[in-house]
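Position chains B and C with the ligands relative to chain A; hints supplied.
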Amino acid sequence: MRKPHDINPVLSRRAILRAALATGGGLMLSGMIPGLPGARAQSGSAFTPNAFIRIDRNGAITFIMRHVEMGQGIYTGIAMLLAEELEVSLDKVRLEAAPANASYIDKSAGEEVTGGSASTRDSWVPLRQAGAAARIMLIQAASTRWSVPASTCVARDGAVLHPESSRRLDYGALADDAAHQKIPDPVPLKNPSQFQLIGTSPQRMDTHAKSNGTACFGMDVRVEGMKTGRIMACPVKGGRLKGFDREAALKTPGVTDIVTLPDAIAVIGDHSWAAISGMKAARPEWDYGPHSGMSSATQLQALRSASEKTGIVAKNTGDVTAALASSPVRIDAIYESPFLAHAALEPINTTLHIRSDSADVWVGTQVPLRARQEVADATGLPPERITVHNHLIGGGFGRRLDSNSIGQAARLAKQVPFPVKLFWTREEDIRQDQFRPFYYDRITAGLDDKGLIKAWHHRTTGSFVLARWAPEGLQNGLDSDAVEGATETPYAIPSQRNEAVQCEPEGITTLWWRGVGPTHNVFVVEGMIDELAHASGTDPLSFRRRHLTHSPRGLKVLDEAARQAGWGRPLPKGHGLGIALHYSFQCWAATVLEVEVGGGGEIRLIRADTAVDCGPVVFPDAVRAQIQGGLIFGLTMALYNEITFRNGQAEQSNFHNYRMMRLNEAPDIRVHLVSDPDAEIGGIGEVGTVAAAPVLANAIFAATGRRLRRIPFAPQLAMNPTGEKKA
Amino acid sequence: MRGAMRRNVPAPGTRFLRAICLGSTLLTLGALDAGRGARAETSPSGDTSPPDGQRDGNDQVSRGQALFIAADCAACHLSADGRALTGGRAFTLPFGTIHAVNITPDRDTGIGAYSDSDWLAMLRKGVGRNGKHLYPVMPYTSYTLLSDEDALAIKAYLFTLPPLRATPPMNALSFPFNQRWTMIFWNWFNNPNRRMTPDPARSAAWNRGAYLTEALGHCGQCHTPRNFMFGLSHRAYAGAVQVGWTAYNLTSDREHGLGGWSDDALFSYLSAGQARNHGPASGPMAEAIEHSLSRLPAQDIRDMIVYLRSVPARADGPAHHEGALEPDSGFSEGRHVFQQACAGCHLENGTGRQSDWGALGGSHSLSDPSATNLVAVLREGTSLQTDHGRMSMQGFTAVYTPKELSALSGWMLRHFGGVQATIDPKKFRP
Amino acid sequence: MRTILINGESHDVDVPDDMPLLWVLRDVLGLTGTKYGCGIAQCGACTVHVDGKPARACQLPVSLIGTRPVTTIEAIGQTETGQRVQAAWLDEQVIQCGYCQSGQIMAAAALLQTTPSPSDDDIDDAMSGNICRCGTYVRVRAAIHKAASNA
Ligand code: FES
Ligand code: FES
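Those sequence lines, one after another, are chains A, B and C.
For what it's worth, the numbering used here labels the leading residue of the first sequence as 1, then goes sequentially.
For what it's worth, the numbering used here labels the leading residue of the second sequence as 1, then goes sequentially.
For what it's worth, the numbering used here labels the leading residue of the third sequence as 1, then goes sequentially.
So here's chain A without its partners, still in its complex pose (with noise of 0.2 Å):
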């Protein structure tokens, strides 16, 4: 998810604004991300889509957002910078999802995207900027109004003031003549000081909605005329519909409707259940295609293999050959992180409703003009033609990044006339799931004679998930999320090659999974650390330490997680602490886990502790709450999950067989926020994920003393609880 955001260099960070009438009257404050082609300022016409804020004449405020909530609080956080700015509370203020519309685009990665925990990142300075323009625009018609000077006016709480005549117009009186102010140029913000709203944590904005059922996601949307439709497609990727029963299918009470194509097949009727009763029914045979002699055992042959190779040279620093050869302790290992499903608990679900001229498309989406255009392409509109009507999304993970089951969808519905809400079952979402890659690692490390690391050589093996969806943004080849997380470590290391070998497993299609390239390398990359530090016989904190000398808030992270953990404490028998520390989406975050491991093998997660600096904090509990998800999440893959194939399909498909963490097993997680308020910012969504594996998998070694490699853990620990090594 990070990768969108690295494709094009990091542009200016101000933005291009535009005022304008808005419909009815009042002021529509409209942004322009710079560096991108053409500015799209609107008139005050009817449809306005890259306003950021919008004041009626009858003083309603909506602030429109460009990203989409999945549960992060982004449009709390977002709608924070705006407000701050404005002067305005957050209780008046309504939002809105944008539509599909370029001018929405994302500054640096060239797609309007929600990913890559960016959006604050990239909202930070030109939101407060259109916060900050609108406001002074409103002081300036007031001022005007009254004709006092601008310098004597305040903005307070959704209108301006003028205190020496204890004067006063709510912002909506002043809206129409705002809309004719000049923007300021440039736009002046406040001083972090006087903050208001900005590092404290108000109630989140989309979650009254959602805690009495009115929240409505993709899943809930109810169109007039709507069908609903059950899509089943192929279980092998390239395989093909070959037959189903049709007629008893549509004997199926409820069941109207049964639409194909050449890989899927589509049940379609009065409501679901008739949709998945229809299904049953209609029983459809496959043939699997080329690739149905797949299995987990033929694609860790092939990394396997592919790992032999030289990879592209992601970086290359000293002559690590000579250095590895002259190390007194060297390790060689391998890491392996399988196959993913992101099993966002709402599954994938696309409503439809398209017509010979004009398409409307309701969907939660973390691209929306991708899915514009995935419709466009599937039934030959204009993506003009196309309405995207973005929705609340039951958890992304890097799910919704990908768009391809839109265009499913509307191959599908493209073949009735009423507008039809099309979605998969869990099972069908865990099945054609769009896997996290399956990553295969060799790493061999040395230290020298006073046991600091020496040389240091990684080549990670696996899927290029940039190269399907956006191949212009490889460089040399390289996708760089491979490498995120594997080239830049948090320590001194004087002699360091890093390769990746891209290797595209066969009939998979691979997607990015929150904390992305990250996820898998700081696993690689802190699990080394680790062996190292016990391979010098020093203590794994004073090890890591000693390695942290240009990285000042590394180290001090590291200290605060291991202070607030008591690093060192006596523990009872069985239990262990493992550390981590990792930089990555501009955070830097160390974590301190405790975990029991039983005799036969059981671990227990007992308490974590994630000390976090991520620059300057907009929204200080979503940082919390973001670390604790993120961490939960990630332990649920470390312990447990993996998608395993055979016969070319998916084994797994409910959560009877892909195990989430419950709350009788979550560990208590304390958060520590040690940010630095002058650093650049940086975004926490995935932070957490990012730390989970390799703490875990430090912490059961100090807990048994046995090194796992492999992911998930809890099998392996469970199968062989004393690491007897098989004959």
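Worth flagging that the hints you see were computed from the coordinates, not collected in a lab.
One or more hints might be untrue.
[Claimed, not checked] Derived lysine to any residue pairs resembling SDA-like cross-links, with alpha carbons at most 25 Å apart:
(1) Lys556/A with Ser542/A
(2) Lys146/C with Ser79/B
(3) Lys427/B with Gly723/A
(4) Lys92/A with Gly77/C
(5) Lys556/A with Pro616/A
(6) Lys280/A with Leu161/B
(7) Lys92/A with Asp245/A
(8) Lys251/A with Glu348/B
Same frame as chain A, now just chains B and C with the ligands:
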């Protein structure tokens, strides 16, 4: 199609079964037997046209369908997708694996070439049309009790189905069990090869119940322990383990058998697959209920209960405890898993959440220290079609480790059945 | 046609007997607060109250409801406990994506109705069947304790 079949087997079909049992067939069984047998033998071998002498052709077919249901042929002979009687299902027995055959009227791969006499010989003597001996997984030692009229009605019904080509996989049996001729000797000892005759000393209900239980329902095939030859022992209905599941004691013993069950509870269990304080049926019993018992007329079930009540008590097998709860405190690995994966349907106290099929408190399987059925259900899952849709549970070996499942089983036995037992985690290995 | 009592109102619905209440609520009555997450009683996203007790609507055939009253997330705020749980949920900022949260709130409200001051064990019993993919468990526990103490 299961649904469709359910709809296709309305009251009329089942009324016929009532008629049979009430009237002509059973009570005149002895008299009819010889004549029918003789006529069957005169039919030319290879005659596959619908049964002869069809003065009541349609009656015979619908009666046959009802009998087919009562004889629970589908439970074994349905194909894996549950759509046709083409067989294929594997039965893993102590001496190898046997597959159910195709019983659609396909001439080459099914029963299409069977004459009436072939059919009767098969059902009674366990000898197939080709002269090959059947293995007693096919309950011909029960079906032998059927009257000619009933046996041929079943055939008549089967011959109205579309013939489908399908050859089941080869059986894989170890020597000497792969020598079919050895079955000749087995049959000497184990196959009574006689028709059932009513016991005039007993009530009509008892006699009907006996015919339904012994001949058609072949309940003893699972619930009566086998002797060393794999024949049914004399310990009728004392309970036995078959294909990895325990079929519990059905004798009148209060603790071990059905003595403690009320008629209502038995009725509910047999007809709907669950009874308050006895838990739901699972595994093969769930299949017997789904394909057969749930589709019988209520009176038939009541008659079977009358008969079962007369089975002499035997204190064999695990005793049955009802809701012996153990108060819980602190961390228990078993309870921990139960909270996650099981309470969603069964509730912490085992009373069942959304439906009665989720109420497992009092189930015999949960006071069985061998935990055979509990292990089987956790491994394979189970499902049961009811009037309210399909109730099902998945297996859990893919996410929970053998150790966790063993802890779960131990906890459930303590918590719901009041028995202390250690379940070997190996039983949950893939 | 059958009549079911949802949130205090009777509804006549013409649906198959085996149709789970979940789809009746969502697709027939438009009460989309109750979510579909797994369909096999493993995630709890579909939790509603039947006769005050928590049930998984995805595994509850409409024909089994009879005359028992059903309460969904849309109406739980009309009960004192439900309101308290919702308030605690907002106070503790439990909710992330929110997709599981109708089910979490319904499960918590049912717990507090029978066990006004639940222990951590009670919370484990009542809440471990509800999956939250966003990982809000730490706060779910805190919010239940908070709701209990606000009684
Ligand atoms: S949808 Fe009902 S428990 Fe998951
Ligand atoms: S809040 Fe997203 S699944 Fe729970």
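Of the hints stated earlier, which fail here? Hints 2, 7 and 8 not satisfied by this model.
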